[in-house]
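J.: For reference, the chains in residue letters:
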Amino acid sequence: MSASVRIPTILRTYTGGQAEVPAEGGTLAEVIESLENNHAGISARVLDDTGKLRRFVNVYVNDDDVRFSDGLATAVPDGASVSIIPAVAGG
Amino acid sequence: MAVQTVAATPDQTDVPAFGPAAALSCRECGTRFPLSPVFACQECFGPLEVAYDLPLGDPEGLRKKIEAGPTSIWRYAPLLPVPADVTDKPNLHPGWTKLVKADNLARELGITGGLHVKDDSGNPTHSFKDRVVAIALEAARTFGLTTLSCSSTGNLAGAVGAAAARAGFRSCVFIPHDLEQGKVVMAAVYGGELVGIEGSYDDVNRFCSELIGDPVGEGWGFVNVNLRPYYGEGSKTLAYEICEQLGWRIPDNLVIPIASGSQLTKIDKGLQELIKLGLVEDKPYKIYGAQAEGCSPVSAAYKAGHDVVRPVKPDTIAKSLAIGNPADGPYVLDITRRTGGAVEDVDDEQIVDAIKLLARTEGIFAETAGGVTVGVLKKLIETGQLDPAAETVVLNTGDGLKTLDAVAPTTGPTAIIRPTLDAFREAGLA
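Chains as they are written, first to last, in the UniProt record's numbering: chain A, 1 to 91; chain B, 1 to 430.
Treat the hints loosely; a few may be bogus.
[As the list claims (entries may be wrong)] Reference listing, derived: stretches of chain B covered by chain A, where coverage requires no fewer than 3 residues with Cβ under 8 Å from a Cβ of chain A: (1) 28-40; (2) 43-51; (3) 167-177; (4) 204-216; (5) 276-282; (6) 294-302.
In short, the hints are calculated from the structure, not lab data. Every residue, glycine too, gets a C-beta built ideally from N, C-alpha and C.
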């Protein structure tokens with residue numbers, strides 16, 4: 001299954017400046033693995049040493065914050081939009 | 001890794017554009033970046049904050065310089081990321097608000113060690129947000145940004161609109177569509193663009209974070225997104241003022257509202273700087289965080305002993321604190337635990353009661369966030385978490401006129417009578 005991933009500015013050095021890239025996978029974990037295969041180094045920026053989402057990263061599958069669903073196990077439907085966003089905004 | 005940023009524009013007058021600020025530093029991993037309009041660490045996504053070369057070594061000279069300065073936050077310009085000539089530039093000159101000795105409220109709450117209310121409703125747009133926006137505005141000016149923007153729960157939108165109007169910037173601010181009328185009107189009246197987003201504050205914040213990464217957002221200074229490292233520093237001035245107004249002394253306890261948690265963390269940073277500079281005695285202090293029960297992710301994490309904050313969907317009348325995914329939540333937990341304070345929450349009824357309590361005892365009409373801090377202060381004493389024999393400062397960060405809806409249902413005329421003395425007597429008012 002294919003998803004479109006929106007890349008934040010600070011990760012675009014890994015995507016050749018592209019703000020949106022395609023990725024494959026039925027779960028968020030698989031989508032991140034697919035991103036890593038195509039853009040080496042990007043998963044270490046999003047995941048910590050234990051393989052969990054870093055605490056200052058927000059990820060949305062379509063409009064839903066994955067922390068309200070199943071985290072990395074969150075299902076990514078075919079054609080979904082995945083957004084990776086720094087969490088340190090607002091207030 | 002190369003840092004793709006916009007470098008600070010060299011200042012034509014040779015006044016350092018960012019005063020004593022030396023760099024941006026990641027609060028998580030310590031990686032340093034040039035002063036630029038970025039807010040998240042390229043290595044770990046951690047928040048960036050301003051690192052300084054502070055003017056150490058002459059505390060007496062610094063104290064005299066501050067005391068001779070303007071009656072605004074700019075008296076602390078030597079400690080802020082702004083140029084020394086900041087007062088010459090068009091801005092709202094916020095700060096130096098009243099520190100009210102609250103003996104009546106202290107008596108009511110059983111506090112014997114002294115109580116003050118830091119009343120930030122006295123700022124130009126009637127909330128503490130003028131402080132943070134003033135710093136962000138200077139950064140926007142230096143970076144050559146032309147549109148001032150923000151995601152806001154209401155107070156910030158007004159502060160950005162007003163600051164942009166004074167400084168000659170375009171403004172375009174984003175709010176949840178269902179805010180209190182007082183805040184919507186106040187945000188719109190300054191003539192900038194005001195956009196209501198169909199969603200919660202966290203939805204607004206997400207939208208703004210995406211906008212800043214899009215070509216559409218080029219030239220935009222989102223005060224609490226890409227200018228957030230500078231913006232946050234404005235809250236340090238609350239710490240500076242409280243201590244100076246107490247006679248260069250740190251109080252034993254501070255009760256501070258939590259929305260994103262930025263204000264609380266920066267007040268702690270300000271206190272630590274004053275100690276380092278030798279402007280105050282190095283003594284223990286306790287920082288307490290206050291949330292509304294209907295949006296209490298940090299309080300819940302504190303009580304559960306967690307180090308991380310699980311986001312919630314807010315449902316509270318305290319809309320200025322209704323951030324379900326607080327960016328600085330983990331640091332609030334660190335600070336309250338390090339200092340021996342706590343994080344507590346109160347429900348909507350307790351918030352309204354506390355607004356009325358503060359108004360009745362001290363003549364201060366607080367917005368809902370002030371009801372949260374005063375309500376939490378009361379609860380902290382009742383539950384034995386705060387020592388009533390210690391000196392306490394509680395913050396009121398906004399004006400009650402902006403949140404009339406919160407108290408209107410239970411507040412109104414004592415009686416409506418005919419204009420006769422008999423009617424006055426009959427109503428039992430004589």
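J.: Now look at each hint and say whether the structure bears it out.
T.: Against the structure, the hints:
Coverage of the region 28-40 of chain B by chain A holds in this model, with 4 residues showing a Cβ closer than 8 Å to a Cβ of that chain against a need of three. Beta-carbon proximity to chain A at under 8 Å applies to 6 residues in the region 43-51 of chain B; the threshold of 3 is reached and the given coverage holds. Counting residues of the region 167-177 of chain B whose CB lies closer than 8 Å to any CB of chain A gives 0, which falls below the minimum of 3, so the coverage claim is violated. Counting residues of the region 204-216 of chain B whose C-beta lies closer than 8 Å to any C-beta of chain A gives 8; at least three are required, and the coverage claim holds.
Residues of the region 276-282 of chain B lying with their CB closer than 8 Å to a CB of chain A number 0, which falls below the three-residue condition for coverage. Chain A is given as covering the region 294-302 of chain B, and this is violated because 0 residues of the stretch bring a CB closer than 8 Å to a CB of that chain, at least three being needed.
Violation of the numbered hints given earlier is confined to hints 3, 5 and 6; the remaining hints are satisfied by the structure.
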